[in-house]
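Chemist: Residues per chain are reported as follows:
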Amino acid sequence: MKGMVPYTLAIFFGLFLASVNVCPVTAQETAPKPGSTKSAQPATEIRLGYLRAYAPQLALSVLDVPPRDEGVAGANVAIADNNTTGKFMGQQFTLDVTEVKPGSDVAQTFRDMVAKGDRYVLTDISAEQLLSIADIARENGVLIFNVGATDDILREEECRANVFHTAPTRSMLADGLAQYLIWKQWPRWVLIHGSHEGDRHFADALRRAATRFGGQILAEKEFKDTGTARRTDSGVVQIQRQLPVFMQDLPDHDVVLVADESEVFGTYVPFRSWIPRPVAGTAGLMPSAWHPASEQWGGTQIQNRFAKANGRRMLSKDMAAWTAVRIIGDAATRTQGADVKKIEAFIRADDFSIAAFKGQKLTFRRWNWQLRQPIFLGDSKSVVSTSPQEGFLHQVSELDTLGVDQPETKCVLN
Amino acid sequence: MRRLPFLAAAMAAGLIASPASAYMVYVSNEKDNTVTVVDTATMEVVKTIDVGQRPRGITISHDGKFIYLCASDDDTIEVIDTATAQIVSTLPSGPDPELFVLSPDGKTLYVANEDDNLVTVIDIESKGVITEIPVGVEPEGMGISPDGKTMVNTSETTNMAHFIDTETHEITHNVLVDSRPRFVEFTPNGAEAWVSAEIGGTVSVIDNATREIKQKITFEIPGLRSETIQPVGVRITADGKKAYVALGPANHVAVINTETYEVEKYVLVGQRVWQLAFTPDQKTIISTNGVSNDITFIDVATDEPVQSVTVGQLPWGVVVSPN
Numbered sequence: 001m002k003g004m005v006p007y008t009l010a011i012f013f014g015l016f017l018a019s020v021n022v023c024p025v026t027a028q029e030t031a032p033k034p035g036s037t038k039s040a041q042p043a044t045e046i047r048l049g050y051l052r053a054y055a056p057q058l059a060l061s062v063l064d065v066p067p068r069d070e071g072v073a074g075a076n077v078a079i080a081d082n083n084t085t086g087k088f089m090g091q092q093f094t095l096d097v098t099e100v101k102p103g104s105d106v107a108q109t110f111r112d113m114v115a116k117g118d119r120y121v122l123t124d125i126s127a128e129q130l131l132s133i134a135d136i137a138r139e140n141g142v143l144i145f146n147v148g149a150t151d152d153i154l155r156e157e158e159c160r161a162n163v164f165h166t167a168p169t170r171s172m173l174a175d176g177l178a179q180y181l182i183w184k185q186w187p188r189w190v191l192i193h194g195s196h197e198g199d200r201h202f203a204d205a206l207r208r209a210a211t212r213f214g215g216q217i218l219a220e221k222e223f224k225d226t227g228t229a230r231r232t233d234s235g236v237v238q239i240q241r242q243l244p245v246f247m248q249d250l251p252d253h254d255v256v257l258v259a260d261e262s263e264v265f266g267t268y269v270p271f272r273s274w275i276p277r278p279v280a281g282t283a284g285l286m287p288s289a290w291h292p293a294s295e296q297w298g299g300t301q302i303q304n305r306f307a308k309a310n311g312r313r314m315l316s317k318d319m320a321a322w323t324a325v326r327i328i329g330d331a332a333t334r335t336q337g338a339d340v341k342k343i344e345a346f347i348r349a350d351d352f353s354i355a356a357f358k359g360q361k362l363t364f365r366r367w368n369w370q371l372r373q374p375i376f377l378g379d380s381k382s383v384v385s386t387s388p389q390e391g392f393l394h395q396v397s398e399l400d401t402l403g404v405d406q407p408e409t410k411c412v413l414n
Numbered sequence: 001m002r003r004l005p006f007l008a009a010a011m012a013a014g015l016i017a018s019p020a021s022a023y024m025v026y027v028s029n030e031k032d033n034t035v036t037v038v039d040t041a042t043m044e045v046v047k048t049i050d051v052g053q054r055p056r057g058i059t060i061s062h063d064g065k066f067i068y069l070c071a072s073d074d075d076t077i078e079v080i081d082t083a084t085a086q087i088v089s090t091l092p093s094g095p096d097p098e099l100f101v102l103s104p105d106g107k108t109l110y111v112a113n114e115d116d117n118l119v120t121v122i123d124i125e126s127k128g129v130i131t132e133i134p135v136g137v138e139p140e141g142m143g144i145s146p147d148g149k150t151m152v153n154t155s156e157t158t159n160m161a162h163f164i165d166t167e168t169h170e171i172t173h174n175v176l177v178d179s180r181p182r183f184v185e186f187t188p189n190g191a192e193a194w195v196s197a198e199i200g201g202t203v204s205v206i207d208n209a210t211r212e213i214k215q216k217i218t219f220e221i222p223g224l225r226s227e228t229i230q231p232v233g234v235r236i237t238a239d240g241k242k243a244y245v246a247l248g249p250a251n252h253v254a255v256i257n258t259e260t261y262e263v264e265k266y267v268l269v270g271q272r273v274w275q276l277a278f279t280p281d282q283k284t285i286i287s288t289n290g291v292s293n294d295i296t297f298i299d300v301a302t303d304e305p306v307q308s309v310t311v312g313q314l315p316w317g318v319v320v321s322p323n
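Read top to bottom, the protein sequences are chains C and B.
If you count by this note's numbering, then the first sequence holds residues 1 to 414, one letter each, in order.
If you count by this note's numbering, then the second sequence holds residues 1 to 323, one letter each, in order.
Worth flagging that the hints you see were computed from the coordinates, not collected in a lab.
Where hints are given, some of them may not hold.
[Unchecked claim] With the Cβ distance kept under 7 Å, some of the chain B side facing chain C (calculated, not the full set):
1) 39
2) 42
3) 44
4) 45
5) 48
6) 50
7) 136
8) 157
9) 158
10) 174
11) 180
[To be verified] Keeping only pairs whose Cα atoms sit at most 20 Å apart, straight-line, the calculated DMTMM-like set for lysine to aspartate or glutamate is:
12) C:410 x B:74
13) C:184 x B:96
14) B:216 x C:351
15) C:308 x B:264
16) B:31 x C:295
17) C:308 x B:262
18) B:242 x B:262
19) C:101 x C:139
20) B:216 x C:128
For clarity, every value in this text was computed on a predicted model and none was experimentally measured.
Beta carbons are placed, not taken as given, at the ideal position from N, Cα and C, and that holds for glycine.
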């Protein structure tokens, strides 16, 4: 057996969003009538912040261009869900969305959010930006929920006690894919990775997954980003000729693994390879935290609710943000108040769990505050499988067969 | 979809002809859009009825003449004449009906509309909507007290049991329970409402007088991880002594002593067991096992599985004719 896996962040963003979305949504909800004993008093406001680095991004396929409100739309649906429940509890949730440029200095922006009263902040920013605000957050008693960054380092060497992660890591995604390929008995892989940082990190996660589950990476190639235009009218002709040539010297294999978070070549690999082989990773069969076509485990309900509110399908980052807002909402419901300390203690408790349409309760890894979660494996149309796969056992939780496990973690929380 | 035996109704006419002691079991098959009819005497399939898309919640009129069926993807409730096995009319359910409960007088259906955070109240005779009651996020489980005065709805993302006065149609109490509450069943004396929580893995027993949780029942099956134990359907015997809880992907039905709240037995049935129904004589309880495409007959006296019968694809709900 061998195992290996690819995956990408960019994937994350979904491959198929069809329509362009409008702006963040307002959640329409029918307002439950009070009538309950608890809803008489004026509502307590619970403010959430959402800090995101955003700039329009290109993609190899126009279908993969991230929606303008990716992530934020999921948070808004969860805010509406929290407020439906909040009507019974006397709680009103609000979301304060702040956008910055990718790579910019976010420290002052974050301080401004804290000054406005945001005590829970969802972040969709780079690892570097996140680390620049983690200590400011701690000094101010602010909890951060990372909904965008898949970097393992944020859960390992650079983990922080006040940062919760609802987005999965690259290693969780890679492991989810590797388990499936091993289950399929397709253990011989070749790896093509991009030349940017994210591509290399995902390639690392795939190599680790190969070692972990018994996959073999027979050969690797780097696809250099030479800065060419991503879309040209005659491009298709060239791609059809160039890709097979690029892949022609690879040894025979079962599966081509692609690590191209940067959208430089990955989308072009399926059906253009030198020999006919399935593709997986950031193209072909892709691991993700959510799939826009998942209808299992009550998924139809959140999918309908999301589509109705946003006019597009729900993507992985939307789900990570929905889950983060629901974690805060559920803690506020169950502690019956807005006391930050009580809410935090509730989330950190041993028996905390959250339901997120993934067939089982999700819990936090208490050694680094990463949310355990199944990984979806799908193509652009449907869910193919979900990992962990049958037979991958674990003494604590089968979900801990995905990603870096406690005995090997480098995280030291303090 | 709960139905206690109404033996008095046993004289109702018009049922499919069958031996006196035999009842008909109606199983909604979510995936293949059918209802399977099984004879309890022979434990064999006697008929398959083509119905609307994605049939889930199923119940039967007290006289046994009509089946009510949630055709979720058709946004309607279908009425099936049990004598002819034909769909004879529909009821206006609101979008995506999943589960419902029939009032004890048989006149009113209370329907959970998952997509709209509403409970729809339908007058069966006039086929009209009486009112819509806003509840929490993703309403699902529906139960009604034996006196018909209190209806309880559970909302799966809000995680509450909403107690609703059936006179005023107002929520009077919201009781917070564990994650993804799926089903509500009152004890026959009306003193308690049992609420299952699928992801929470528990059953909360709510005192109907105080509207507070008086007991939380947990489950443990050797060799199974706690996250696979996902309670869904709940049924309580007419004498009020035993409760049966379907445990989803744990593939077992728990048998609970309602006096001590102790689980006395786990009965192995089929894969992903969701809903349950008693035969009117209370001798048998039947489970729907979604992933194994079958139903299991369990002997209530011994709590042993007697036989499994293959039905359609993804069996979801089950109801037994009252006569």
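Chemist: Look at each hint and say if it fits the structure.
Modeler: Structure-based check of each hint:
{"no.": "1", "hint": "39", "result": "33 Å, violated"}
{"no.": "2", "hint": "42", "result": "35 Å, violated"}
{"no.": "3", "hint": "44", "result": "32 Å, violated"}
{"no.": "4", "hint": "45", "result": "27 Å, violated"}
{"no.": "5", "hint": "48", "result": "25 Å, violated"}
{"no.": "6", "hint": "50", "result": "22 Å, violated"}
{"no.": "7", "hint": "136", "result": "6 Å, holds"}
{"no.": "8", "hint": "157", "result": "6 Å, holds"}
{"no.": "9", "hint": "158", "result": "4 Å, holds"}
{"no.": "10", "hint": "174", "result": "5 Å, holds"}
{"no.": "11", "hint": "180", "result": "5 Å, holds"}
{"no.": "12", "hint": "C:410 x B:74", "result": "52 Å, violated"}
{"no.": "13", "hint": "C:184 x B:96", "result": "37 Å, violated"}
{"no.": "14", "hint": "B:216 x C:351", "result": "15 Å, holds"}
{"no.": "15", "hint": "C:308 x B:264", "result": "46 Å, violated"}
{"no.": "16", "hint": "B:31 x C:295", "result": "13 Å, holds"}
{"no.": "17", "hint": "C:308 x B:262", "result": "44 Å, violated"}
{"no.": "18", "hint": "B:242 x B:262", "result": "10 Å, holds"}
{"no.": "19", "hint": "C:101 x C:139", "result": "25 Å, violated"}
{"no.": "20", "hint": "B:216 x C:128", "result": "46 Å, violated"}
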